[in-house]
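Student: Work the whole structure out from these sequences, hints included.
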Amino acid sequence: MKKLFILDGSGFLYRAYYAFPSLPNSEGTNTNVVYGFVRMILKILAEKPDYFVIAWDSPVKTHRHESFPEYKANRKKMEDDFKQQIPITQQMIEDMKLPSLIVPGYEADDIIATLVTRYKSEPELVIDVYSSDKDLKQLLDHNVFCIDPMKNNRVDTKQFLQEFLFSPSFMLDYLALIGDSSDNIPGVAGIGPKKASDLIKQYGNLDQIYAHIDDLSPDIKQKLIEQREVAYMSRKLVDLCMIPDFSTILSDLKCTIDFDKYNEVLVRDLHFASLEKTLHEMKKKFFMPQQTSLF
Numbered sequence: 000m001k002k003l004f005i006l007d008g009s010g011f012l013y014r015a016y017y018a019f020p021s022l023p024n025s026e027g028t029n030t031n032v033v034y035g036f037v038r039m040i041l042k043i044l045a046e047k048p049d050y051f052v053i054a055w056d057s058p059v060k061t062h063r064h065e066s067f068p069e070y071k072a073n074r075k076k077m078e079d080d081f082k083q084q085i086p087i088t089q090q091m092i093e094d095m096k097l098p099s100l101i102v103p104g105y106e107a108d109d110i111i112a113t114l115v116t117r118y119k120s121e122p123e124l125v126i127d128v129y130s131s132d133k134d135l136k137q138l139l140d141h142n143v144f145c146i147d148p149m150k151n152n153r154v155d156t157k158q159f160l161q162e163f164l165f166s167p168s169f170m171l172d173y174l175a176l177i178g179d180s181s182d183n184i185p186g187v188a189g190i191g192p193k194k195a196s197d198l199i200k201q202y203g204n205l206d207q208i209y210a211h212i213d214d215l216s217p218d219i220k221q222k223l224i225e226q227r228e229v230a231y232m233s234r235k236l237v238d239l240c241m242i243p244d245f246s247t248i249l250s251d252l253k254c255t256i257d258f259d260k261y262n263e264v265l266v267r268d269l270h271f272a273s274l275e276k277t278l279h280e281m282k283k284k285f286f287m288p289q290q291t292s293l294f
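Residue numbers for the sequence shown follow numbering that gives the first Met the number 0, beginning at 0 and rising by one.
What the hints contain is simulated information worked out from the structure, not anything from laboratory work. Each hint should be verified, as a subset may be incorrect.
Below, a list of computed lysine-lysine pairs in the DSS-like style, where the Cα atoms sit at most 25 Å apart [what the hints assert, rightly or not]:
1. LYS42 to LYS150
2. LYS235 to LYS222
3. LYS2 to LYS47
4. LYS2 to LYS133
No experiment lies behind these values; they were computed from the predicted model shown.
Tutor: Set out below in structure tokens:
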């Protein structure tokens, strides 16, 4: 089986910023995001993917901001220390010749959804999506997995069903009901995860729930009627977009590991001396001959 790894670049940037301590270079510029990001990327590349891509959020606002101006408005303003490291990190990835994608007006999640939808039917291909975003779990399939970098666990459809008790395809309806505080998506006030799960298990998607509105308890019925517009707006916000005229083909994402180039970019240019040993050990494992079992 061939492996396609798709990474939510923006999520990894934030994780690097908060997980790695300050690391000023010789000029006094902090590089903890750049260093932390590439440390995590190298660990993932050590799994030897056949195809690999980092998806970045668009720097311009998306249709979600137009539909709901408060979208992501609860997030703290990006610190200058963090902001100035983003182009350096993106340039580093480009210099390392690693595939990455950014589409104006679309979020990384939309790029990921477009790639998964397009290539999950490829024969003998397994897709791993590296992201902490809950809405991406709607993409889970028999050959599509979600890996949360924070928890380092690989979620498949079976695990999802055990946790939520409904199919991954209903994840956007679930989030439409409970909201998503990380993106400031309101959901239906007064409906929590347990009630949302029960409604989906019994009736199905949001349309089907509203079709059975008269079968619900008076309290839940009132909440859903009063907040119908909010529920559907929330669903629209968590629905992943298929990007039209998307020209990237699978061969564009072929992962070619070039240790000499990595050493040049990371050790010589960025002065991350500690990564020299990491690259050396990684290179040894990469080219270690496979041992054949005698039994």
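Student: Taking the hints in turn, state whether each one holds.
Tutor: We went through each hint and held it up to the structure:
1. Restraint check for LYS42 and LYS150: the C-alpha separation of about 15 Å stays at or below 25 Å, so the hint holds.
2. Of the supplied pair hints, the one linking LYS235 and LYS222 holds, its CA atoms being roughly 19 Å apart against a limit of 25 Å.
3. A distance of roughly 8 Å separates the Cα atoms of LYS2 and LYS47; the hinted pair therefore holds under the 25 Å criterion.
4. Taken as a hint, the LYS2 and LYS133 pair is honoured in the structure, with Cα atoms around 22 Å apart against an allowance of 25 Å.
In summary, this structure violates none of the numbered hints.
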